[in-house]
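Trainee: As a plain string of letters, each chain reads:
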Amino acid sequence: MQRSSWLGLAFLSPALIVVLLFFLMPVILTGIFAFTNMSTATGVKGGSYVLNASSLRALTDAGLPDVTRSQIESAGYRVDERGLAALAEAHGQAVAEEFSKNHAGEVFTKRRDVERALKDLSSNPIRKTRDRKAAADLFKRSILNQRYETLDAFEAALNEAGIPKPDRPLITEIAYTGWTWTTANFDLLLSLDSTWQYAKNTGIYVTFTLAFNVVFGLFLAITTFYLPAAQATAFRAIWFLPRILPPVLYIVMWRWFTWDTGFISTVLSGFGVSSKNWMLDTEYHAWVTVILINGFVGASMGMIVFSSAIRAIPASMLYASEVDGASRWQQVWYIILPQLRWPILFITSYQTMSLLTSFEYIYLSTDGGPGGSTEVWALAAFHTALNNYGGNLQYGLGATYALLLVVIGVLASLFYLRLFNFKNLLTKPRIEG
Amino acid sequence: MRISITNFTKTFGDTTVIKDMSLEIESGEMLALLGPSGCGKSTTLFSICGIHRMNAGRLRFGDKDVTKRPPQERNVGVVFQNYALYPHMDVHANIAFPLKVRKEPRAEIDRKVLEIAALVHIEELLQRKPSQLSGGQQQRVALARALVRKPDILLLDEPLANLDAKLRLEMRSEIRRIQQQTGITAVLVTHDQVEAMSMCDRIALMNKGDIVQVCKPKEMYDNPASDFVAGFLGNPPIAFLDGIANDGEIRLANSEVALRLPSNVIDLSNGTQLRLGIRPEFFQPENDMKVTGKVSFVETQGREDLFDVTLTNGAVLRSIQSRGGDIKLGDEVTWGISREHILAFGPGGERL
Amino acid sequence: MKHNFRNWPVLLVLFIFSLPLLIMLTFLVVDTFTTKVPGTLVPNAFTLHHFRFLWTDLDDGRWGIYGVTLNTFIFAASTAAVVTAISVMAGYALSRLSFPARGFFLGSLIVLHAFPTVTLIIAIFLILQILGLYNTLIGVIIVKTALELPFGIWVMKGFYDTVPWEIEMAGVQDGASRFTVWWKLILPQVQPGLMAILIFSFLSGWSEFVLPMVLNPGTDAQVLSTYLATLLLDTNTNSDFNLISAVGLFYALPVVIIYLIFQNKLMNIYGGGTKG
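Protein chains in written order, with our numbering: chain A, 4 to 436; chain B, 13 to 364; chain C, 4 to 279.
Rather than coming from a laboratory, the hints here were simulated on the basis of the structure.
Some hints here could point you the wrong way.
Subject to a maximum C-alpha distance of 27 angstroms in a straight line, what follows is the list of computed DSSO-like cross-link-like pairs (lysine-lysine) [said to hold, decoys possible]:
| hint | chain 1 | residue 1 | chain 2 | residue 2 |
| --- | --- | --- | --- | --- |
| 1 | A | Lys431 | C | Lys187 |
| 2 | C | Lys268 | B | Lys162 |
| 3 | A | Lys431 | B | Lys80 |
| 4 | B | Lys124 | C | Lys187 |
| 5 | C | Lys39 | B | Lys80 |
| 6 | B | Lys112 | C | Lys187 |
| 7 | B | Lys115 | C | Lys39 |
| 8 | B | Lys162 | A | Lys431 |
| 9 | A | Lys431 | B | Lys220 |
Looking at chain A on its own, in the form it has when it is part of the complex:
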């Protein structure tokens, strides 16, 4: 190991830690979470074990024998050795012995009955109601509506309540409140109609926005190239703003533009068109707005990349074509566009990737509406896992949606690795000492 190795690793380690924790881990965890039923109800960390009315219902549905069921329900208060010992500890040996003589082995379903039995003891040794309640609790063996933090504690309780061994695994499974492993998410995903709807919406969204980005980006780059410097700079600055402005503000402007008291409505009302929300009134309008919103932002990136590519074309080539008598249109078609092949490929692949996965602008503008017509895949993942009106956030299902995007993302990134001609990057450091 050379000494610069240590410096290299030391310099890299902060980046490594952060990247491992918030890139690699999330990628892996998305895959893992997709195989769980995590939701708001199950929590994220491990759960506990609870049997309540609804789990009893579930148990019956799952075919739990009625005998076992009534055992669970009736396992209320049991006069056993342990309880008697505790009673002797608290109120003296004599009390315990008398109580044992009268009730040993008996099971009470309600605390009130235990209290009465205690009260009925010959000397009525426990006078205060509060003490009697506490004494009754010493015999409490119920497992209903109790929270057991560990599996061991829960199994011990089942054992104590005398639940038959063969029924215990089923009870344990249903009583568990935490998340569990499952492949149900994938089955659900494939069976839901909405899944196909999201996929279709994503297709529409990516195709049209991408087309707009590339075509309009090219248009901006080429037209500003031919304009005098001052005008070109002005237009580039205007078109750069959608990218540089904070997304929320950018959407504010669009919402104002299309709102029922906004610009379009106001202008058109002068022509007798009644005012309405031009963004959300129809599916068609919603799509146009979504595509324009994303398109304006994407076009600015295309504009910058294409502009610098055009400026890299040797001026002599353009002069030569003019001397040859080419019209401006021919110049664009035969000289400029062929030179932009790589930038266009780059923008196309890059933007496909970011459009597939982005949902920020749609969330802020239509939020998938009206009626889910602009709900794209990434937005659906976000809604399912992180933001819905029902309130039960289904992390596991959401992760399943996201997993598909992560897989596409990884594949696309590996494609980039090839595109970047990785070998060229691998030049060795020239100082070896």
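Given chain A, work out where chains B and C should sit, using these hints.
Mentor: Chains B and C alone, transformed into the frame defined by chain A:
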């Protein structure tokens, strides 16, 4: 400080650049590593200063083995081809940097910087930034920075390659003057034979990762160890004639012409493949061993004229003569070779 | 080259296409300082009423704008500082130092650089919950830093790659350690890159919306983007565009100022780097 390299090997990945090379450089000597590009001369230089690690072999400075030492501990000053001045520091700070790194006291640093600046004649430039200096001035600053901490060894990597012709002449003698004044052991890497011959005490000529010959410049010119050395040194370059030895003569290939061999190789057995090297100054009208050919090229160089003479078998001899004659392209001439100055080489290129 | 073509048709077409943006931008500014009769577009009076959030708290228990602004600044500035610091080190290591598995790290950098980070938001949300950093500013800062890092390292590596090796070699030969060489000789050469990363990640942090919304939805450490978004999505306020625009203008002011100062530098980095 004496430098001794033994059995030095250097590889980059799968390619072996230097194989099993040995070289001794005497204390206070200035040695040129001369050779065509890609011959491994820069690799050798970078291995001496420690930027490259040697894959095998040993490197000693004086009695000290520095093979495994990092560059910082070798006390070697280097002048790089592009000078590598630190652009954000002024000249003073550039020169002072090696001393600052050694945490020398401020007053001491200032004193040494002024002293070295005087030696290389840049006293008035100390406050300037490197971008405000000419090539020659940058070169002087680089020299000053390399020398200010009194290194044991000075390495110069193509120091004149980035200068224009006039400055190159000036800096050639300047570097030599400074080296001689400081008495430092210096290694100069260059591909320019004139630079090597004019500046250095000895030349190590390298080819394909190997040292072909090490000796004084004049000796290397007069007494080359192989046809490669003979061909590399000399401008205009030496001309070669190929042929077969026969009774103390050489019969040129595809030709009836036979020439007497020089006396040191006269007893070669018949049929030996031979290659004769004839320098232009030894192919002159007045010499006695006559050869006839057609003038195929004339170049006027001012004081002298240079001629190519093509023999009947297509071989070319070169001649350089002081001006005066009115020989034209296409003339047939019969000029003589100075027999005792012929250099004879065997079939493998080795000197006979 | 350009004289034998007429410009005005192109200019006209460009102008028409740019009209929606121009209108939006113009009215964004005009609306915040004026009042209008409903149903018209021409302002009839100047007012500062829409900027009332600057001196009074808006009703419904929202945080004061200055607290939110401070949060935003802390968020953006610390993200920028950490991203720059880590990128400056890691970029150098990848560009100049040799260490085991260097090729692998370089490859991963490219993969990460191109990777769409939004897809990770669900997993990150759950990780922050497990780490107990959910609903804290520090959690969002860490996540934002992590997501910006590959880009920062990539850009910094590019800048380091342009510094001549000889400077580094000369420094080593002058007796300086690799660390000193980096600190004293190389770092000053890449200052433009350092500035670019700093500005870029500050702007990126300032504009970030999804991360604070998902990872820090509470009101305690709100940032301007989520503050503005709640105004925009809350049915009580979402049609008061004068107010929303005013808040938005206040929010965007630093961005616009920075943009005006560093316009060219930013255009390069947005175009050259692939993130955005």
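Trainee: Hints first: check each against the structure and report whether it holds.
Mentor: Taking the hints in turn, this is what the structure says about them:
1. Straight-line distance between C-alpha atoms of Lys431 (chain A) and Lys187 (chain C) comes to about 23 angstroms, which keeps the hinted pair within the 27 angstroms bound.
2. Between Lys268 (chain C) and Lys162 (chain B), the direct Cα distance comes to roughly 44 angstroms. Violation of the 27 angstroms bound is thereby established for this hinted pair.
3. Of the supplied pair hints, the one linking Lys431 (chain A) and Lys80 (chain B) holds, its CA atoms being roughly 20 angstroms apart against a limit of 27 angstroms.
4. A C-alpha spacing of about 21 angstroms is found between Lys124 (chain B) and Lys187 (chain C), which places the hinted pair at or below 27 angstroms, so the restraint holds.
5. For the hint pairing Lys39 (chain C) with Lys80 (chain B), the CA-to-CA distance comes to about 81 angstroms; that exceeds 27 angstroms, so the pair is violated.
6. With a CA separation close to 11 angstroms, the supplied pair Lys112 (chain B) and Lys187 (chain C) stays within the 27 angstroms bound.
7. Among the hinted pairs, Lys115 (chain B) with Lys39 (chain C) is inconsistent with the structure: their alpha-carbon atoms are about 72 angstroms apart, more than 27 angstroms.
8. The suggested pairing of Lys162 (chain B) with Lys431 (chain A) is violated, with an alpha-carbon distance near 32 angstroms, which exceeds 27 angstroms.
9. Distance restraint check for Lys431 (chain A) and Lys220 (chain B): the Cα-Cα separation of roughly 22 angstroms lies within the 27 angstroms cut-off, and the hinted pair is therefore satisfied.
Violated hints for the displayed structure, listed by number in ascending order: 2, 5, 7, 8.
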